[in-house]
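Asks: Here is how the chains run, residue by residue.
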Amino acid sequence: QKEVEQNSGPLSVPEGAIASLNCTYSDRGSQSFFWYRQYSGKSPELIMFIYSNGDKEDGRFTAQLNKASQYVSLLIRDSQPSDSATYLCAVGGGGNKLTFGTGTQLKVEL
Amino acid sequence: DAGVIQSPRHEVTEMGQEVTLRCKPISGHNSLFWYRQTMMRGLELLIYFNNNVPIDDSGMPEDRFSAKMPNASFSTLKIQPSEPRDSAVYFCASSLEPVNEKLFFGSGTQLSVL
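Protein chains in written order, with the working numbering: chain A, 1 to 110; chain L, 111 to 224.
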């Protein structure tokens, strides 16, 4: 069983719509949760992090965490073509290690 | 700040050859991580250092892989001998205590072993 699971996609949404990206994790002791964006051929870039249950908003991005369900999501409002990328969910435990999911490819269509 | 700097950007080599990948972390960051990314397995942590000391190398696939961090501004990942299944993108990342988990990635090295 993979420790961090994401649907590989592609997830296609029209421009201006809300994109919803989901991630589940297996380790109940996980304490920190991250979303990285990776454009094709580029390196991952941190866009959001969340540590507590609930929602955290930053501009068009909202991260949602539900530790009871072991579920974390990323919402992108008013999706733009420039949001087209692979989104990697990463989960951290008590140490310095992050475990990454394999990513969800998002395509924002004109 | 120049960010995390990796070299080379691309490496093509033949099976059996030694490969050395290099990384310069962001100045002041005291944790350094080596990741490998493939389509099938995604991003996998190979090894990480804290204050130049290897803390966890459980992700190193086998003895053919070795990593060093002789000082705070330089690290190497060596594969000897290389095999075709080592073909992947290798990323170096650094972070700053106490928020070790917020990683800043280098541009990566695309390794092709023929």
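Accuracy of the hints is not assured; some may be wrong.
[As the list claims (entries may be wrong)] The following residues of chain A were derived to be distant from chain L, with all beta-carbon distances above 12 Å:
hint, residue
1, 24
2, 78
3, 81
[Claimed, not checked] Simulated restraints, written as ranges between beta carbons of each label pair:
hint, chain 1, residue 1, chain 2, residue 2, range
4, L, 125, A, 40, 21 to 29 Å
5, A, 12, L, 195, 28 to 36 Å
6, A, 69, L, 188, 41 to 49 Å
7, A, 5, L, 206, 35 to 43 Å
8, A, 8, L, 180, 33 to 41 Å
9, A, 31, L, 184, 13 to 21 Å
10, A, 55, L, 195, 37 to 45 Å
11, L, 128, A, 77, 43 to 51 Å
Please keep in mind that the hints were generated in silico from the structure rather than gathered at the bench.
Model, not experiment: these values are computed from the prediction.
Just so it is clear, CB atoms sit at the ideal spot from N, CA and C, and this is done for glycine as well.
Asks: Determine whether the Cβ-Cβ distance between residue 31 of chain A and residue 184 of chain L falls within the hinted range of 13 to 21 Å.
Replies: violated (31 Å)
Asks: Is it the case that residue 81 of chain A keeps its Cβ farther than 12 Å from each residue Cβ in chain L?
Replies: holds (23 Å)
Asks: Against the range 33 to 41 Å, how does the distance between the Cβ atoms of residue 8 of chain A and residue 180 of chain L compare: consistent or not?
Replies: Check passed, 39 Å falls within 33 to 41 Å.
Asks: Does the Cβ pair residue 5 of chain A, residue 206 of chain L satisfy 35 to 43 Å?
Replies: violated (29 Å)
Asks: Between residue 55 of chain A and residue 195 of chain L, does the beta-carbon spacing fit 37 to 45 Å?
Replies: holds (42 Å)
Asks: Determine whether the non-interface label on residue 78 of chain A survives the test: each CB of chain L must be over 12 Å from its CB.
Replies: Residue 78 of chain A clear of chain L: closest Cβ-Cβ about 26 Å, beyond 12 Å.
Asks: Could one say that the CB atoms of residue 69 of chain A and residue 188 of chain L fall in the range 41 to 49 Å?
Replies: holds (42 Å)
Asks: Can the suggested window of 43 to 51 Å be confirmed for the beta-carbon pair residue 128 of chain L and residue 77 of chain A?
Replies: holds (49 Å)
Asks: Over 12 Å to the closest beta carbon of chain L is the bar; see if residue 24 of chain A clears it.
Replies: Label holds. Min Cβ-Cβ 15 Å, cutoff 12 Å.
Asks: Is 28 to 36 Å a correct range for the gap between the Cβ atoms of residue 12 of chain A and residue 195 of chain L?
Replies: holds (33 Å)
Asks: Between residue 125 of chain L and residue 40 of chain A, is the Cβ distance one that fits in 21 to 29 Å?
Replies: Because 28 Å falls inside the window, the suggested range holds.
Hints 7, 9, counting from the list given before, are not met by this structure.
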